[in-house]
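Residue numbers (our numbering), protein chains in the order written: chain A, 1 to 162; chain B, 1 to 162.
If you're looking for bench data, these hints aren't it; they were derived computationally from the structure. Predicted, not measured: the structure shown is a model, and the values here were computed from it. Note that the Cβ used here is the ideal one computed from N, Cα and C, for glycine as well. Mixed in with the good hints there might be a few duds.
Below, simulated DSS-like cross-link-like pairs (lysine-lysine); rule was C-alpha separation at most 25 Å, straight line [as the list claims (entries may be wrong)]:
1) A:K67 to A:K4
2) A:K4 to B:K43
3) B:K67 to A:K49
Per the computed footprint, the stretches of chain A lying under chain B, defined by three or more beta-carbons under 8 Å from a beta-carbon of chain B, are [stated by the list, open to error]:
4) 49-61
5) 84-92
6) 116-127
7) 134-146
Chain B is faced by these chain A residues, among others (derived, beta-carbon under 7 Å) [as the list claims (entries may be wrong)]:
8) K4
9) R5
10) Y6
11) F7
12) I8
13) H9
14) P10
15) I11
16) P46
17) P71
18) V100
19) L104
20) V131
2 protein chains.
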Amino acid sequence: MGKKRYFIHPIGVIRSPFQNLEGMPIQPGAAEGARGSVILDRKYTPGLKDLEGFSHLILIYYFHRAKEYQPLVTPFLDEVQRGLFATRAPQRPNPIGLSVVKLLSVEDNILEVENLDVLDGTPLLDIKPYVPDFDQHGQVRVGWLEGRQSNIPGKLADDRFS
Amino acid sequence: MGKKRYFIHPIGVIRSPFQNLEGMPIQPGAAEGARGSVILDRKYTPGLKDLEGFSHLILIYYFHRAKEYQPLVTPFLDEVQRGLFATRAPQRPNPIGLSVVKLLSVEDNILEVENLDVLDGTPLLDIKPYVPDFDQHGQVRVGWLEGRQSNIPGKLADDRFS
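This is chain A alone, in the form it adopts within the complex (with noise of 0.2 Å):
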C-alpha cells in the first residue's frame, strides 16, 4: 500500500440532464426515466461488441467534483453522520462511482441509457454488463438505511455535496 499509485483515464464522457448535483436524482432508483447518453472514445467503440444483448450496464465512472475524502458524511437519506464507506456519498478515498442503468440502444460509440443519476459531463472509466447472477443476491440487510428505501424513488440531491 504506502505511495503507491495508478493512473486511470476517461474512455468517454457521460452526457445527463443534471447541469449541478443540487436537483439530482440521489440514485438511479430516483432517476427513473431520466436519460442520457455515453458518449466512448471512439477507439475503444470495437469492445462494444455483443452489449445490445445487454438490457442494464454497470457504469463505473470518476466523480469530478467530488469534494475531498471525509471519514462521515451525512447521507441524503439520513440526518446523522455516517461512516463514508456505508454510503455511496461521492467523497470517498478514490472517487469512484457506480450506477446501474437500462441500456436503450447502442449506435457505434454512443449507448442511449435510462435512470441516469450523475452529472452531465462525468468523465467514465468503465462500462460492465448487469448480470444477476453476479450482482444480484437474496436476504440483504442494509443498515442504516432499512425503512429509508421508500424514500429513494423521486428523491432529489440538495447540496450538501456540491
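Following the hints, position chain B against chain A.
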C-alpha cells in the same frame, strides 16, 4: 478526454485463498463459501462506522495482474470472442474490478467476507454498501450469457487471462 488522467491509490488489500488466476472462482456466484479478508489501511478505519449493519458489500479493486486492454476477449463462459465491455474480463482500459461479497464481520480495520472471487493481494480501491433499491433490477436480459448462468456455480477460471 484525450490525455487527461487521474491518480487512484490502494486503500487496503484483499486477502483471499487464491494465489493464481487458474482455479479461482470466476465470479462471486462461483465462489460460494470462499472466505477472505479485506484489510483496510488503518487511516481509513473511521470510515467503516455503520458498515456492520449491511449484509453485502460492493468491493471495487484494481486488477493488478491484468494483461493490457483488448477489444475482444473469449470469456470463461463462452467459446467465441465477445466485446470486452460485454464481459467482466480483467483486461479493461481501466483495470477496475467489482464484486458483491457477503460481509461476515467488521473488527477494527479488518472485514471478513465470503464469496470472494479475487486474487490474494488484490489492491482495494473502494468499499460501498450493497443496496437492492440501487443495485437490483428486474426484467433483465443478459445477452450472450443467456442460458450460460447455470454454469457459474463452482465454475473455476483457467489460465486464459493469467
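Each hint, compared with the structure:
{"no.": "1", "hint": "A:K67 to A:K4", "verdict": "holds, 22 Å"}
{"no.": "2", "hint": "A:K4 to B:K43", "verdict": "holds, 15 Å"}
{"no.": "3", "hint": "B:K67 to A:K49", "verdict": "holds, 20 Å"}
{"no.": "4", "hint": "49-61", "verdict": "holds (count 10)"}
{"no.": "5", "hint": "84-92", "verdict": "holds (count 6)"}
{"no.": "6", "hint": "116-127", "verdict": "holds (count 4)"}
{"no.": "7", "hint": "134-146", "verdict": "holds (count 12)"}
{"no.": "8", "hint": "K4", "verdict": "holds, 6 Å"}
{"no.": "9", "hint": "R5", "verdict": "holds, 4 Å"}
{"no.": "10", "hint": "Y6", "verdict": "holds, 5 Å"}
{"no.": "11", "hint": "F7", "verdict": "holds, 5 Å"}
{"no.": "12", "hint": "I8", "verdict": "holds, 4 Å"}
{"no.": "13", "hint": "H9", "verdict": "holds, 4 Å"}
{"no.": "14", "hint": "P10", "verdict": "holds, 5 Å"}
{"no.": "15", "hint": "I11", "verdict": "holds, 5 Å"}
{"no.": "16", "hint": "P46", "verdict": "holds, 4 Å"}
{"no.": "17", "hint": "P71", "verdict": "holds, 4 Å"}
{"no.": "18", "hint": "V100", "verdict": "holds, 6 Å"}
{"no.": "19", "hint": "L104", "verdict": "violated, 12 Å"}
{"no.": "20", "hint": "V131", "verdict": "holds, 6 Å"}
Taken one by one, the earlier hints fail for this structure only at number 19.
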